[in-house]
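These protein sequence lines are chains A and B, in that order.
Position 234 (the first sequence) corresponds to 237 in the numbering used here; numbering is contiguous.
Position 435 (the second sequence) corresponds to 438 in the numbering used here; numbering is contiguous.
No lab work stands behind these hints: they were computed from the structure.
Fair warning: there could be bad hints in the mix.
Stated by the list, open to error - To give an idea of the interface, some chain B residues facing chain A are shown, with a C-beta separation under 10 Å as derived from the structure:
hint : residue
1    : 302
2    : 322
3    : 443
4    : 446
Claimed, not checked - Pairwise CB distance ranges (calculated):
hint : chain 1 : residue 1 : chain 2 : residue 2 : range
5    : A       : 35        : B       : 361       : 32 to 40 Å
6    : A       : 24        : B       : 277       : 51 to 59 Å
7    : B       : 230       : A       : 349       : 43 to 51 Å
8    : B       : 373       : A       : 135       : 57 to 65 Å
9    : B       : 352       : A       : 319       : 47 to 55 Å
10   : A       : 350       : B       : 230       : 31 to 39 Å
Cβ coordinates follow ideal geometry from the N, Cα and C atoms, glycine included.
Number of protein chains: 2
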Amino acid sequence: MRAVILAGGSGTRLWPLSRRSMPKQFLPLAGERSLLRQTVARVRPLVGDDVVVVTAADTGFLAARQLEEEGIDPADRVLAEPVGRNTAPAIGFAALGAVPDTVLLVLPSDHAIRDEDAFRRALAAAARVAAAGWLVTFGIQPDRPETGYGYIRMGDPLPGYDGARRVERFVEKPDRETAEAYLADGGYAWNSGMFALRADRLLEELGAHAPDVRAALEPLAPYADGARPAPRDLYEAVPKISIDYAVMERSDRVAVIPVDPGWSDLGSFDALAGVLEPDGDGNVVRAGQGGEAVVLEGTDNLVLADGRVVAAVGLSGTVIVDTPDALLVCARDRSQDVRRVVERLEAAGRPEVAGHRTVHRPWGSYTVLELGERHQVKRITVLPGRRLSLQRHRRRAEQWVVVRGTARVTRGDEVLDLGPGQSVAIAREQAHRLENPGAELLEVVEVQTGDYLGEDDIVRLQDDFGRVPGA
Amino acid sequence: MRAVILAGGSGTRLWPLSRRSMPKQFLPLAGERSLLRQTVARVRPLVGDDVVVVTAADTGFLAARQLEEEGIDPADRVLAEPVGRNTAPAIGFAALGAVPDTVLLVLPSDHAIRDEDAFRRALAAAARVAAAGWLVTFGIQPDRPETGYGYIRMGDPLPGYDGARRVERFVEKPDRETAEAYLADGGYAWNSGMFALRADRLLEELGAHAPDVRAALEPLAPYADGARPAPRDLYEAVPKISIDYAVMERSDRVAVIPVDPGWSDLGSFDALAGVLEPDGDGNVVRAGQGGEAVVLEGTDNLVLADGRVVAAVGLSGTVIVDTPDALLVCARDRSQDVRRVVERLEAAGRPEVAGHRTVHRPWGSYTVLELGERHQVKRITVLPGRRLSLQRHRRRAEQWVVVRGTARVTRGDEVLDLGPGQSVAIAREQAHRLENPGAELLEVVEVQTGDYLGEDDIVRLQDDFGRVPGA
């Protein structure tokens, strides 16, 4: 058995927490560990270390780091998609990298599950059905007439497999009235987007029902072991299609395991509030990073503070999500419209859609403290043993002040080791490199000065992470 | 005639815009100029440069700077109170500094007035009545049954003074029912806290009705010309009492000029929203400092963004006030409860009550960009020709990087001139000084490192602004 964890979503409905370069699955939204890490931890009793994460190329290093944090060697366990092609190609690509009769437990990484034991029992049951060649879905017991999910019409019990049933058909997101009828009927379940299926059977069914997808995946087979990045042009040639549409809705060997594990797709702030523990007034209030939240009266609020003081007075049913560079205040029952905010900001060219004020990189991270017209101040964190590329800038000078750890600085022909309180000046056009030779984190405050401060003013002379010059 | 402008309020109901070290009268809340500057500009057609501002000692330099920005030489025009004692001592202190028969136009600095011509006509009329020895108040025509203001019961017309009436009595803030009766009656006006009175008459009436106040003010007379700061112990000895309670409600020579100048005391965010221009959806939306506000649907909102992205979705009647370090989200009809938030934060010891992230000083300002455990990053702005004190720190080192203008740096026995991109390191215990010798602003990024970073780790060796060593 192998867990194939899908971590390619962009999660715009949870903006400004979730952003394109750091989508919700990598964030600790419901607990101290990220949703991806929780997904990995949840399935490990069944699969051990046999976990593969399929994610976007830009976030591959995040997936690798989070696997490492869960104690799993990430080598060859991250399949980076050069471009997103929806779920059928992602799962097919992972199937190509597996021994043919492996049962793949295909799990989105951005969901919350309360009853992990019930969930694992269902996975184990599904794996037995999948081993016999069935494509198995998980049908979540509805508890409300939800119009945001697709439904599964469950059919007859599958002989020999306790609890499993045939899928009679998949149905699209219903209107309110239909959803109420489904709920009353009892024979409908939510389509959770989780599957158990044998690698060879999935590829067979793709060949039968989506032969163009199957054919386009074939040249990607040499890259499906995760050892080398898949070429962008090959991946771009794969049709964009969901696994439901490509296979599940067309195959006649699809089964469903009904399950009620306290599942949430965390598809909105309303859903997120639903899985977090409220206080005595019915408000969910979290304050991180030295922030403080004061809620005066009101109930059913979700207040997430991060490093600042947030005060809410006389509000109910309101979502307040505060981040260092962007704030959302939203009526809770309008949570779905957050994506419209993202569209508006995208059209206005605001950078707060793409990334956070803290930007993660393979070597660590940086946080923009201030961007002025002719200066920029950043705090740079370098992981132990890592180093940035050897680089130079055409239009800016930089000053580095070490505030924590030890910096090894290459500047032209010199190599300097600097401790807290020590500083170094890098001139324009001067080749330089910042390295953390120590065992603790290195933190440096960088002050840039110049007439152009864009991230693209960088000439890379050498890089440990294979990034090309100028990129 | 002299304008005596009262600028001692703390304005906590407009937190987080208004803070103790930078209260609302110094902020550009309703226009491009601060409320204080607007108050000064409004009265100058009547008094020319004869303006005196009474304010707290800590904000005296702000009052002086804003007078200067209005083209008035601030020398001897700022009366700094070492401690707040309410309005009777503030006005009495100013009266001691005036030629006895001067008519003082006493004006709070934190109000908005729409119809300035009507206002000035009322002031001129009041000044004529005051010159004859009356204490004159301004009665604002009520347009709603407001329970937040005191009222004036207007009596008979004052013979010989067109439009002026005797005050029959002052009444405390009424309950709703009483306020409605006042409104229906038509003989009641709001007590606006503005007065016209002769300096000698005010001191006489204080002597008659509040002799303890009058006596305690006497030793302050030598300081009432504004040339030297008043000693704290003398000012502390003055009883804390309002001018209404000390004199107006007790004197029998009090007149009222009814006026309807579109007056607002800006006493809450609801009131502030009322004087700002709404957009087509009935929302007041302002985004400064590179911020952006997106309001999706909803009406009657007040959204003030400052440097960040603020998105509001599906809200109505909501106040969102975003500042760099603190956020308020408040039901508009609960605006009065903002002071309770301030109390809560004060009890929690949060610094966001006392000051902004940008702190103003006589020499310029500084902005805290980041405060870490062992480092702090600030941007320091020094006004042309000004300099900070010559100082040293026991527990922190500092690195300065010039990002704009020219810095003259004293470091031990050296004096260095530095331009943009140049930097200098100051060791612990090393005497140093930062000066702007140029004609444009100087901006420096300061990186502090050390095991203690408090503002009180400062030994002042010399200071242009009379600040004592260590303070």
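Going through the hints against the structure:
1. 302: 13 Å, violated
2. 322: This hint holds: residue 322 (chain B) lies near chain A, its Cβ roughly 8 Å from the closest one there, short of 10 Å.
3. 443: Violated, because the Cβ-Cβ distance from residue 443 (chain B) to chain A comes to roughly 13 Å (cut-off 10 Å).
4. 446: 8 Å, holds
5. A:35 with B:361: 32 to 40 Å: Between residue 35 (chain A) and residue 361 (chain B), where Cβ atoms are some 34 Å apart, the hint holds.
6. A:24 with B:277: 51 to 59 Å: Since the Cβ atoms of residue 24 (chain A) and residue 277 (chain B) sit about 42 Å apart, the hinted range of 51 to 59 Å is violated.
7. B:230 with A:349: 43 to 51 Å: 59 Å, violated
8. B:373 with A:135: 57 to 65 Å: 59 Å, holds
9. B:352 with A:319: 47 to 55 Å: At 29 Å between Cβs, range violated.
10. A:350 with B:230: 31 to 39 Å: 59 Å, violated
Figure legend: structure checked against the earlier numbered hints; hints not met, in rising order: 1, 3, 6, 7, 9 and 10.
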